[in-house]
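Novice: Sequence:
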Amino acid sequence: MEYGKIFSRAWNICWNHKFLFLLGFLAILGTGGSGSSGNANYSFDQQDLPFAPNGTVSPEFAQNIEQLLTAAIPIFIGLACAGVFIGIALWLIRLAAQAGMIKAAAEIDEGHKMSLGQAFSAGLKYLPRFMGLNLVLYLPLILLVIVAMIGVFMSFGAAIAAAVTGSSPDSVNTGLGAGFGIVALCMAALACLAIPLGLLVTLLYPFAMRSAVLEEQGVIDSVRRGWKILSQNIGETLVLVLLYFGIGLAVGFVTTLVMLPFLAIFALPTVFDLLSEQTLDAGNLIVFIVGGAIMAIIGTVVQSIWTTFRSVSFTLAYKEFMLRTVK
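Counting in numbering that gives the first Met the number 0, the sequence shown runs from 0 upward without gaps.
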């Protein structure tokens, strides 16, 4: 495989059909931190702790916690429902954009004309199939996480219950320590199972996606066909993975260099305020927020371009794999 020619063709397709970059932006929606700093001086004695003099949990403290939880539960439920709804909507948009990029890249490479509307409409056509692919390929990982989380909550809940039953600071610390230990063991067991399975799914998923779009395969047949093409071209696939990894590092390094001047201009005044006077000037804070927004926009643009190029180039590579792999 001539990787240089594939990358050159892919970039020409992207540059001459810039609507693909918009699809790349849609394909990264919701896949994207925050930070805070402060200074406080506080001293406390034993009376500040939530324990009565005899070592039992203070009734006032328990009542306050109960009232707080009762008031917060509806808010948490509402936020959780909104988060789930938004997450599902972004996920569906991502899938449609990914399918649209694959279809558009293949059609353009064959000399056909495509527009943004045509590409996204094609992506919507394959949306149910992509949803099925996600379910089939990621369901084992999801089940692993669910089982692990159930084990974590049950063990941690049992530890907390034992600690509360003891009602003394020592029993609370012992119970919580045991709970965290069990949680760590569950996480280690989950990692041993999930990491290799996740790596396999990460390699297989792009092949199955393109099998569904370019060869009009169903969900299960896409997985089978994708696995066949992957297994028969594993060497060149790994070379592509390494090339993408290296290019991604280079893109990240260059992006960081571009952002450093913005970081210095927008962040340093706020940092100096905090270090010298331990206060925040309103003007500097506004500059900091605006600078953060500008850097976020730059990062999003770069990520959209990189995602588009990677998708188009892998689609071209898949077409070569497809032609020389026996069905």
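There could be a bad hint or two in this list.
Stated by the list, open to error - As a list, the in silico DSSO-like pairs of lysine-lysine whose alpha-carbon atoms are at most 27 Å apart:
1. K4 <-> K124
2. K227 <-> K318
3. K112 <-> K4
4. K17 <-> K318
Claimed, not checked - Estimated spans, in silico, between C-beta atoms of each pair:
5. L242 <-> W90: 26 to 32 Å
6. V289 <-> K112: 45 to 51 Å
7. K17 <-> I76: 40 to 46 Å
8. T255 <-> I87: 38 to 44 Å
9. L242 <-> V135: 27 to 33 Å
10. I76 <-> N11: 37 to 43 Å
11. L78 <-> L242: 38 to 44 Å
12. G3 <-> A81: 31 to 37 Å
13. I76 <-> I246: 54 to 60 Å
14. L134 <-> L28: 17 to 23 Å
15. K17 <-> I285: 17 to 23 Å
16. W226 <-> L126: 19 to 25 Å
Please keep in mind that the hints were generated in silico from the structure rather than gathered at the bench. Cβ atoms here follow ideal geometry from the backbone N, Cα and C, with glycine treated the same way.
Novice: Quick check: does the Cβ-Cβ distance between L242 and V135 fall within 27 to 33 Å?
Specialist: Taking Cβ atoms as reference, L242 and V135 lie about 28 Å apart, which means the hint holds.
Novice: Is the gap between the beta carbons of K17 and I76 within 40 to 46 Å?
Specialist: Holds - the Cβ-Cβ distance for K17 and I76, about 43 Å, lies within 40 to 46 Å.
Novice: Are K112 and K4 close enough, with their CA atoms no more than 27 Å apart?
Specialist: 21 Å, holds
Novice: Has the hinted range 17 to 23 Å been met by the Cβ atoms of L134 and L28?
Specialist: 20 Å, holds
Novice: Need the status of pair K4, K124: alpha-carbon distance at most 27 Å?
Specialist: Violated, at about 30 Å.
Novice: Against the range 45 to 51 Å, how does the distance between the Cβ atoms of V289 and K112 compare: consistent or not?
Specialist: 40 Å, violated
Novice: Taking 37 to 43 Å as the stated bounds, is the beta-carbon spacing between I76 and N11 within them?
Specialist: 51 Å, violated
Novice: Hint says 31 to 37 Å; check whether the CB-CB distance for G3 and A81 agrees.
Specialist: At 47 Å between Cβs, range violated.
Novice: Return holds or violated for the Cβ distance of W226 and L126 against the range 19 to 25 Å.
Specialist: Between W226 and L126, where Cβ atoms are some 22 Å apart, the hint holds.
Novice: Per the hint of 38 to 44 Å, is the separation of the Cβ atoms of L78 and L242 within bounds?
Specialist: At roughly 42 Å between Cβ atoms, L242 and L78 fall inside 38 to 44 Å, so the hint holds.
Novice: Quick one: are K17 and I285 within 17 to 23 Å, going by C-beta?
Specialist: 33 Å, violated
Novice: Run the distance test for K17 versus K318: straight-line Cα separation, threshold 27 Å.
Specialist: 22 Å, holds
Violated hints, listed in ascending order, are 1, 6, 8, 10, 12, 13 and 15; each of the other numbered hints is respected by the structure.
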